[in-house]
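According to our numbering, the stretch in the sequence shown is residues 4 to 129, in order.
By construction, these hints were calculated from the structure, which means they are not laboratory data.
This one's a predicted model, so the numbers in the text were calculated from it and none came from an experiment.
Glycine included, C-beta positions come from ideal geometry on N, C-alpha and C.
It is possible that part of the hints are untrue.
Unchecked claim - For lysine to any residue, the following SDA-like pairs were computed, each having C-alpha atoms within a straight-line distance of at most 20 Å: (1) K15 x P73; (2) K97 x A124; (3) K17 x P73; (4) K17 x S44; (5) K17 x G35; (6) K97 x L113; (7) K97 x T19; (8) K97 x Q8; (9) K37 x D93; (10) K97 x D26; (11) K80 x G105; (12) K97 x P27; (13) K97 x F25.
What the hints assert, rightly or not - Here are the computed distance ranges between Cβ atoms for each label pair: (14) P49 x K79: 31 to 39 Å; (15) T112 x Y23: 31 to 39 Å; (16) K123 x G69: 13 to 21 Å.
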Amino acid sequence: MNHAQLIEFGLKLKGTSLRYPFDPAMPVLFVGSKLFALFGSYNGYPSMNVKTDPETAWLVREQYNGTVIPGYHMNKKHWNTVLLNGVVPDNVLKEMVEESYGLVLRNLTLSEWQAITGEKARASKR
């Protein structure tokens, strides 16, 4: 998958928008007021940064060694940079986008979360 395909996929998730807060050539997907996927390049490859659970971060870095790395310019415990070089299967890339979206969505303020989900109460974050 490429940037355009991943952005199109991400924009189908509820409450998402595409913005360019850092650079006109660096698209960023937001859920509400928080970013969940950043698209750029790393070492000459198109890449995306996505939020992840710390245990998942380590597992996918091991599984896709050299293709999934600690988040470039991000909190390396909670973010991965994924090179879009054809190594990670498309379905796994989509799962990464969905996981990042979910992690960021659940950490929005209650009022913002309610506006996006339309629900009155959410389950505990833990």
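- Message: Between the alpha carbons of K97 and Q8, is the straight-line distance 20 Å or under?
- Response: holds, 10 Å
- Status of the given 31 to 39 Å range, CB of K79 versus CB of P49: violated, 20 Å
- Task: Mind checking the alpha carbons of K37 and D93 for me, to see if they're no more than 20 Å apart?
- Result: Violated: K37 and D93 sit about 24 Å apart, past 20 Å.
- Query: Given the proposed pairing of K97 with A124, does the C-alpha separation stay at or below 20 Å?
  - Reply: violated, 27 Å
- Within 20 Å, alpha carbon to alpha carbon, are K97 and T19? holds, 15 Å
- Measure nothing beyond the straight line between the CA atoms of K80 and G105; if it is 20 Å or shorter, mark the hint as holding. holds, 17 Å
- Given hint F25 paired with K97 - CA-CA distance at most 20 Å: violated, 24 Å
- Message: Tell me if the straight-line CA distance from K97 to P27 falls inside 20 Å.
- Response: violated, 24 Å
- Message: What's the verdict on K97 and D26, does the C-alpha distance respect the 20 Å limit or exceed it?
- Response: With Cα atoms ~24 Å apart, K97 and D26 exceed 20 Å; violated.
- Given the proposed pairing of K97 with L113, does the C-alpha separation stay at or below 20 Å? violated, 26 Å
- Measuring from beta carbon to beta carbon, are T112 and Y23 in 31 to 39 Å? Since the Cβ atoms of T112 and Y23 sit about 24 Å apart, the hinted range of 31 to 39 Å is violated.
- With a cut-off of 20 Å on the C-alpha distance, tell me whether K17 and G35 pass. holds, 9 Å
Of the numbered hints stated above, those contradicted by the structure are hints 1, 2, 3, 4, 6, 9, 10, 12, 13, 14, 15 and 16, listed in ascending order.
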